[in-house]
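Enquirer: Next come the chains, spelled out residue by residue.
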Amino acid sequence: MAVVERDVRPSDAAAGTSRPAARWFLSVGGIDWLTKAWWTCLSVGLFAGLWELLWAVGWADPQLLPPPHIFLSDFGEQGKFFNTATRWQVGQSMGEGPSAFESVMITVAATTMRVFVGLVIACVLAISVGVAVRYWHVIDKLVLPTVTLLSPVSPIAWLPVAIFLFGIGNAPAIFMVVVALFFHMVLATIAQIDSVSPNLINVARTMGASKHQIYGRVIVPAILPGMLQVLRMNLFGAWMVVLVAESTGVGYGMGQVIMLARNTFNPSLVFFTIAVVGVLGFGFDWLLRLAQRRILYWLPDTQEKLRGL
Amino acid sequence: MAFDAPHFSSRTAVVCRGAGKTWAAGTKRAHEALRDVDLDIAPGEFVVFLGPSGCGKSTLLYLIAGLEDATDGAIWSFGDKVETPSPQRSLIFQETSLFPWLTVWQNVSFGLAIRGASQAERRRVAAEALQRVGLKAAMDKRPDELSGGMRQRVAVARALAMRPKVLLMDEPFAALDVQTRARMQDFLLDVWRDSGASVLFVTHHIDEAVALADRVVVFTARPGRIKTIVPIDLPRPRNLFSREAEALRIQLTDLLRDEVDRAFAEQEAMTA
Ligand SMILES: Nc1ncnc2c1ncn2[C@@H]1O[C@H](COP(=O)(O)OP(=O)(O)O)[C@@H](O)[C@H]1O
Ligand SMILES: [Mg+2]
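In the order they appear, the protein sequences are chains A and B.
Okay, so the first sequence: first residue is 1 according to UniProt numbering, each after it adds one.
Okay, so the second sequence: first residue is 1 according to UniProt numbering, each after it adds one.
What the hints contain is simulated information worked out from the structure, not anything from laboratory work.
The structure displayed is predicted, hence computed values, not measured ones.
Below, simulated BS3-like cross-link-like pairs (lysine-lysine); rule was C-alpha separation at most 27 angstroms, straight line:
| hint | chain 1 | residue 1 | chain 2 | residue 2 |
| --- | --- | --- | --- | --- |
| 1 | A | Lys211 | A | Lys141 |
| 2 | A | Lys211 | B | Lys165 |
| 3 | B | Lys227 | B | Lys81 |
| 4 | B | Lys81 | A | Lys211 |
| 5 | B | Lys28 | A | Lys141 |
For each label pair, taking beta carbons as the anchor points, the in silico distance ranges come out as:
| hint | chain 1 | residue 1 | chain 2 | residue 2 | range |
| --- | --- | --- | --- | --- | --- |
| 6 | B | Arg249 | A | Val138 | 52 to 62 angstroms |
| 7 | A | Leu42 | B | Glu95 | 38 to 48 angstroms |
| 8 | B | Gln94 | A | Ser210 | 24 to 34 angstroms |
| 9 | B | Arg183 | A | Asp285 | 43 to 53 angstroms |
| 10 | B | Thr180 | A | Ala191 | 30 to 40 angstroms |
| 11 | B | Asp207 | A | Asp140 | 43 to 53 angstroms |
| 12 | B | Lys141 | A | Ile121 | 29 to 39 angstroms |
| 13 | A | Thr40 | B | Gly116 | 43 to 53 angstroms |
Even for Gly, the Cβ is constructed at its ideal location relative to N, Cα and C.
For reference, chain B alone in the conformation it holds in the complex (with noise of 0.2 angstroms):
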């Protein structure tokens, strides 16, 4: 392999070189679904991930975290190859993932009592990161007695805890409403602020995609391959309504339409 030696900056967050995924390898349900990903996110960057779904996204974020080896190509984190999953990139799913017998405050805390922490500890450090989601008043509740939201608030603070320096988040407001989903974005890119780890937010909203990205990654229907990379320099806080968002909002809609299409057209072929 070409691309063994940790010869890239320590001081990137990630670098993706050649990397693919495919799922099933080498079996007669073999499919892939991730080609050809050569990628560099800086730390403190907050990259977006914007595709038809289906093309790759989710795979490519467990590559980075490490849950999955990928089957081409390599990826590096701050000069270190990615093999196994580890603490400095924490994942966030799009359905709540939070323990159901665990007080949130003990959801938060359980990387720490894995590590062995004591409970005064584990307390101190859930108290901390539920005060930065504006949740610390709901410590000793229950998951299940928390709405959609606070939920996954409480999962942002819990990959906080673990002070990563890549915050990788699958769709994490797809679930929610609108209007919850707008004061998630605003609660979010405070606490990317505050943290200073790097951001790579996977959704198939534009707006969304508008609203959060310093760049965004565009991919092509499956096997996803990166179509192309779009800057957005907008300063922040950001008008949403703007001349340049919607030309932005233009923009992506388009380069988006015709993998949709060739998404759409591939599903057809294999059901016809």
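This is chain A alone, in the form it adopts within the complex (with noise of 0.2 angstroms):
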């Protein structure tokens, strides 16, 4: 790795080019993105390689661990079944409806669009939560315990609970995205601002804030960074939970397919669907991990220290 940065210094190679949009290349950094992107595909290829080659020996079987090269092959033929949205419709063959591209898509927003909704419900409702706690002695006293008592509990123990509140459609699924997340968020926000340096509380009291100064102006931002490393720990969590509550209550998503390829034995497309879940997943990550550093500019880096052992 570091052989490789020390050779493309952007600074240094862009110096020595002309051409406009190289130079507009190098000063976004961009080969620092393609170095990247380089270690990611590598990292996969690794993966799937080792794969490929213990179906080459013949140590995979096909029929139960296809490779990657045959459940990504028949896009077409796997995407079909992400069809579901429209297959339960009175009147609608498996040959109408959406293409395979269309369904994977509206499959695939869907999902998403869950786990989204369901991360900003739980970090809204756990970071205030969070803060009302410490804020008012009534609330630890009244809130705290119950929510510790119910932060141990599996998110599958609330799908009942779902289906009986939400019935099917979205909201069974959100609902379960939140819960999930939101006992062991709210702990972590506590954490968070009982962690805040008292010296920064001291200076603000100092200066004559009251106590909702103090928490506007020193608590909230100073937990910001912990909150989003939480929130970044918890996306795959939602990830995770949001497939179990499709197999269920919802009429269609990601994690009915996989419940459809285990009923019709179709490990290619069990691979297919957990490739995709583990692609959103990274963008999802990369995002937040894009905002981290947008919004909280003042963080030094310390994985380029460890990285400098």
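Fit the two chains together into the complex; they arrive one by one in their own frames, and the hints show the way.
Expert: Take a look at the structure:
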């Protein structure tokens, strides 16, 4: 890694280039970006290669563990199964309705929307409750025991509740995402508040800040970096639980496709869906890290230091 | 309470009478950090608190700042009993306590933002305060772009922007290298002279005490009590290599040695 980076320091390279397009590419850190993409491809490629190798020597049964080139090859065939959105509509046969690509997109969009909405609701609720717990002593006494009691409950246990309360559709899936993240995030928020440097709070106090101002101007900005970290950790949890939710009470979505694959014994479809979920989760994480760097411009880059060791 | 009435002169910057602090009072972990402190500090005076670490120097500053309540006795400042923090008494900490998400000028004008001052007003006051610490050019930088010494200067500017009458400083230069610290001491003396505020400065460096103080308050090991008060009437700017300065250093070293020995003995007894 270090060698690659040293060879292509953008500033050095940019100095020797005269073509405007090339200079623009280098100035926006195109080389860094390419290097990262290259390592990602290599990482995934190694994993896939290993799998292909196991298939080639005959250890991985293509009926059970079809390697990537098999389950990715007939996209058209697999994509059709994503058409769960309209399949159950009266008078609609497998051949009609949206194309394979459209089906995949509709399903992906539906699941992504549920994850996104669930995350936003869970975040807003959890941070509000966490801050309120520390702000008002009564809320601490009243709410914290219940939150602590409920946080070890597996999201699976909430599944029937989601269906009782919301039937089918988007609501139960979103509810599941919220309920899976909310309790942990409340506890994480409180832990973040408790670790705010007392000096920062004391500075604000000596300047005459009210309790309200201390929370608004010191505590909330101070916990933001930690909260984004917590959000990133929980992002993957959200992707996991949304599949569980969709596999039962919802008309369509990635979870439904997995269920369909299970019921029709279609390992290719399972792996295809896993690949799609992986790419989506990766994309979400990447966006969040990007946001993190934009919002939390003041954080030092520890990763760089560790890499130098 | 005998001391409740504000009968002390409203012209005395800080008055401590029988001030004491027991942390976690009334619990099993209760321990006494400070006992029976009587101290008067005049306006514009530079007082250094010197004592072995753990003897309660920071605790006393917190009490004077109003960030903690005294468990015994009472403290007054300019005639008012100290019960809550006040912008009149600014505290500067050892570690950087700048808000990392704000720029330098926003940090400096934080207290004005609390009072709802306009942006133009805040920028003007911040510029003025930063001018006084020689960092006007760094106004729009972020704290993590500054060196340790610069950050402490910004912290001083932030305190000055509140126009405090008492400046409380808790080992503010302890984390700096020796050369930077010497420069910061000169800088602090300039700021002190301009501002007219009383400075209460905690350190465990004898050299620093000799360089800065009008009076050095020497504390005993925990629970901290005032052991002696050593006045220093060397003219400023001080020659720290003069015979008088050397004699003071020897005197303070002797005073401190006994207490450090006692603090060690106590710590050994606790772990034995
Ligand atoms: N917030 C606190 N809670 C409980 N004990 C404390 C607290 N702050 C300081 N102490 C204790 O009070 C004693 C004096 O501490 P401190 O005032 O920080 O000493 P110094 O500043 O002289 O080194 C120490 O024994 C320390 O452990
Ligand atoms: Mg201290």
